[in-house]
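In order, the protein sequence lines correspond to chains A and B.
For what it's worth, this note's numbering labels the leading residue of the first sequence as 3, then goes sequentially.
For what it's worth, this note's numbering labels the leading residue of the second sequence as 191, then goes sequentially.
Everything hinted at is true.
Computed cross-link-like contacts, DSS-like style, restricted to lysine-lysine with a CA-CA straight-line distance of at most 30 Å:
(1) B:LYS340 / A:LYS260
(2) A:LYS144 / A:LYS127
(3) A:LYS144 / A:LYS260
(4) A:LYS36 / A:LYS260
(5) A:LYS36 / B:LYS340
(6) B:LYS400 / B:LYS308
Keep in mind that the hints were calculated from the coordinates and are not lab data.
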Amino acid sequence: MAPWLIGFSVFFGYPLVMSVYLSFTHYDLLSSPKWIGFANYRYLFEDDPQVGGAVTNTLWIIGVMVPLQVMFAFGVALMLARARHGTGFFRTIFYLPALAPPVAATLAFVYLLNPATGPVNIILKQLGIEGPLWFQSPGWSKPSLVLLGLWGVGNIMIIFLAAILDAPRQLYESAELDGAGPLQRLRWVTLPTISPVILFSVVIGVIAGLQYFTQAYVAANVAAGQASQAGDQTVNNLGYPEGSTLFYPVLLYQHGFKFFNMGYASALSVLLLVVAFTITVLIIRNSRRWVHYAGAVK
Amino acid sequence: MSSASVPVAAALVRRRPPSSVRRRRFLLAVADHSLLITASLMFLAPFVFIMLTALMTNSQALSSHLWPSPFRWQNFVDVFHQAPIWRWALNTMIYACLATLGVLLSSIPVAYALSRIKWRGRNFAFGLVLIALMLPPVVSVVPLYVMWAKLHLVGTLAPLIIPNWFGDAFSIFLLRQFFLTIPEEYLDAARVDGCGELRILVTVVLRLAKPAIAAVALFSFLYTFNDFFLPLLYTRENPDWWPLQIGLSEFRSLHQVQWNLTMAATLLVMAPVIIVFFLAQRAFVEGVTLTGVKG
Numbered sequence: 003m004a005p006w007l008i009g010f011s012v013f014f015g016y017p018l019v020m021s022v023y024l025s026f027t028h029y030d031l032l033s034s035p036k037w038i039g040f041a042n043y044r045y046l047f048e049d050d051p052q053v054g055g056a057v058t059n060t061l062w063i064i065g066v067m068v069p070l071q072v073m074f075a076f077g078v079a080l081m082l083a084r085a086r087h088g089t090g091f092f093r094t095i096f097y098l099p100a101l102a103p104p105v106a107a108t109l110a111f112v113y114l115l116n117p118a119t120g121p122v123n124i125i126l127k128q129l130g131i132e133g134p135l136w137f138q139s140p141g142w143s144k145p146s147l148v149l150l151g152l153w154g155v156g157n158i159m160i161i162f163l164a165a166i167l168d169a170p171r172q173l174y175e176s177a178e179l180d181g182a183g184p185l186q187r188l189r190w191v192t193l194p195t196i197s198p199v200i201l202f203s204v205v206i207g208v209i210a211g212l213q214y215f216t217q218a219y220v221a222a223n224v225a226a227g228q229a230s231q232a233g234d235q236t237v238n239n240l241g242y243p244e245g246s247t248l249f250y251p252v253l254l255y256q257h258g259f260k261f262f263n264m265g266y267a268s269a270l271s272v273l274l275l276v277v278a279f280t281i282t283v284l285i286i287r288n289s290r291r292w293v294h295y296a297g298a299v300k
Numbered sequence: 191m192s193s194a195s196v197p198v199a200a201a202l203v204r205r206r207p208p209s210s211v212r213r214r215r216f217l218l219a220v221a222d223h224s225l226l227i228t229a230s231l232m233f234l235a236p237f238v239f240i241m242l243t244a245l246m247t248n249s250q251a252l253s254s255h256l257w258p259s260p261f262r263w264q265n266f267v268d269v270f271h272q273a274p275i276w277r278w279a280l281n282t283m284i285y286a287c288l289a290t291l292g293v294l295l296s297s298i299p300v301a302y303a304l305s306r307i308k309w310r311g312r313n314f315a316f317g318l319v320l321i322a323l324m325l326p327p328v329v330s331v332v333p334l335y336v337m338w339a340k341l342h343l344v345g346t347l348a349p350l351i352i353p354n355w356f357g358d359a360f361s362i363f364l365l366r367q368f369f370l371t372i373p374e375e376y377l378d379a380a381r382v383d384g385c386g387e388l389r390i391l392v393t394v395v396l397r398l399a400k401p402a403i404a405a406v407a408l409f410s411f412l413y414t415f416n417d418f419f420l421p422l423l424y425t426r427e428n429p430d431w432w433p434l435q436i437g438l439s440e441f442r443s444l445h446q447v448q449w450n451l452t453m454a455a456t457l458l459v460m461a462p463v464i465i466v467f468f469l470a471q472r473a474f475v476e477g478v479t480l481t482g483v484k485g
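I would like the entire structure built from these sequences, with the hints used as guidance.
This is the structure:
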């Protein structure tokens with residue numbers, strides 16, 4: 003227990019307190035932190051030209067990707083639960099992409115969705131459709147990331163599948179006796195029984211969305227390198243193209259670890275902490291209305 | 191009609207219906223699962239295209255041909271000449287193995303203390319674990335970086351490995367939930383026999399909790415194998431310590447490498463995870479559902 007308490011204080015308690023302190027300072031790692039009061043926060047809320055875009059991008063990815071992932075995973079899990087043959091085989095296929103390391107998966111998608119030579123646009127062209135520019139266009143870069151996110155939906159899918167198969171048979175049978183059609187059974191039996199799992203995946207999804215970084219960073223880096231061909235490392239590729247993939251954590255990374263504005267990065271992280279905490283509490287509070295715990299004791 | 195008059199033939203028919211019937215049944219099954227099959231093909235397609243591209247020559251990869259001709263297996267050899275893949279793989283293994291070992295050694299005793307030993311402040315400590323679990327790690331990243339920078343350890347793997355030796359909230363949580371399901375009688379029996387808590391933990395609990403421990407080890411290994419953010423912060427400036435993920439993300443821009451080789455490298459980085467998955471499939475699925483249902 004003791005080592006963990008040390009670990010907890012060093013790697014968790016200390017950073018938390020320190021983040022708050024640093025957020026009131028100007029600190030570049032070289033000289034010691036200089037107290038500047040609320041200046042970082044004032045800059046954050048009033049002047050920083052990038053914060054608005056980063057917040058919008060993050061809200062966009064959470065608002066679009068999380069619901070789509072949940073619905074998609076639910077749909078796949080339903081199909082798998084209904085299938086009579088080869089369930090294990092199909093389950094493996096749907097789960098595999100979730101295993102692919104995010105960097106590798108992102109790299110693969112940047113290639114697949116390459117506007118000129120990527121397989122997706124080649125196939126679309128043969129079907130007579132002019133494919134979009136995907137990761138190269140500000141309008142399509144986030145939808146491309148959503149596709150990537152849907153491909154890796156296996157974890158949620160497995161959890162949903164387990165929950166659906168866990169639903170008591172008698173419930174379906176009595177619903178059927180009462181004359182409920184398939185859709186009604188879905189609405190009044192399946193959904194309520196798996197609602198705790200839906201809540202779980204929404205909370206996890208939102209928290210992950212607030213921290214969305216790796217895919218955005220890699221996609222921007224690779225897509226930008228491809229556009230310039232020279233692969234110039236000194237150029238700031240974060241958010242490519244045109245800041246459309248500059249999510250909040252990417253902004254934090256830029257200030258903290260590219261510009262080494264530790265004070266300002268701390269202010270950004272404190273704001274993220276407050277928002278993440280508030281959102282989690284709000285979701286869990288509201289959930290009491292629609293989440294159904296069977297024989298709830300919790 | 192004929193089968194009714196010849197019973198033997200009827201039995202045969204029942205065992206092996208005529209091909210037209212079989213085909214019809216097969217088609218029905220396909221139709222019934224058509225949505226599932228279409229969806230699974232779409233999930234497989236990216237893997238297929240990565241594989242095909244990894245076998246193309248560079249000019250093919252840039253053309254509109256989807257099928258490689260000739261197949262260029264040489265790509266998988268060339269990748270190793272283009273970049274220090276073995277060095278990256280070694281770094282990843284050092285990081286993943288030491289971190290996983292640390293997570294297990296530190297989290298198991300804490301989880302045991304939080305579930306099976308009664309002491310004052312236990313609930314409070316568990317509350318801390320839950321808070322640590324909920325909060326985004328991005329939040330603590332700046333002060334920790336400052337700390338490691340002061341210790342002159344930025345540019346090494348130490349900042350990635352050491353924190354794992356002090357317990358990991360997710361693993362503690364998962365193990366605690368599992369330990370709680372072990373019947374108290376087992377532990378009491380051991381206590382009556384004069385076992386200390388440490389011996390109970392080692393001889394009784396660890397044996398019963400093998401699936402949960404396997405799941406925690408697996409998750410920890412995968413997490414570190416796939417980790418990108420922390421290695422980016424701490425090793426970016428020092429290519430000697432790059433793990434595979436950083437190396438792969440820089441692969442193209444560093445060497446101006448073509449897409450065919452990049453896809454071959456991508457495939458090589460994906461392969462270990464997929465192999466581990468097939469070797470440990472049961473622990474995997476159990477672990478995932480354990481987090482979902484019990485969490």
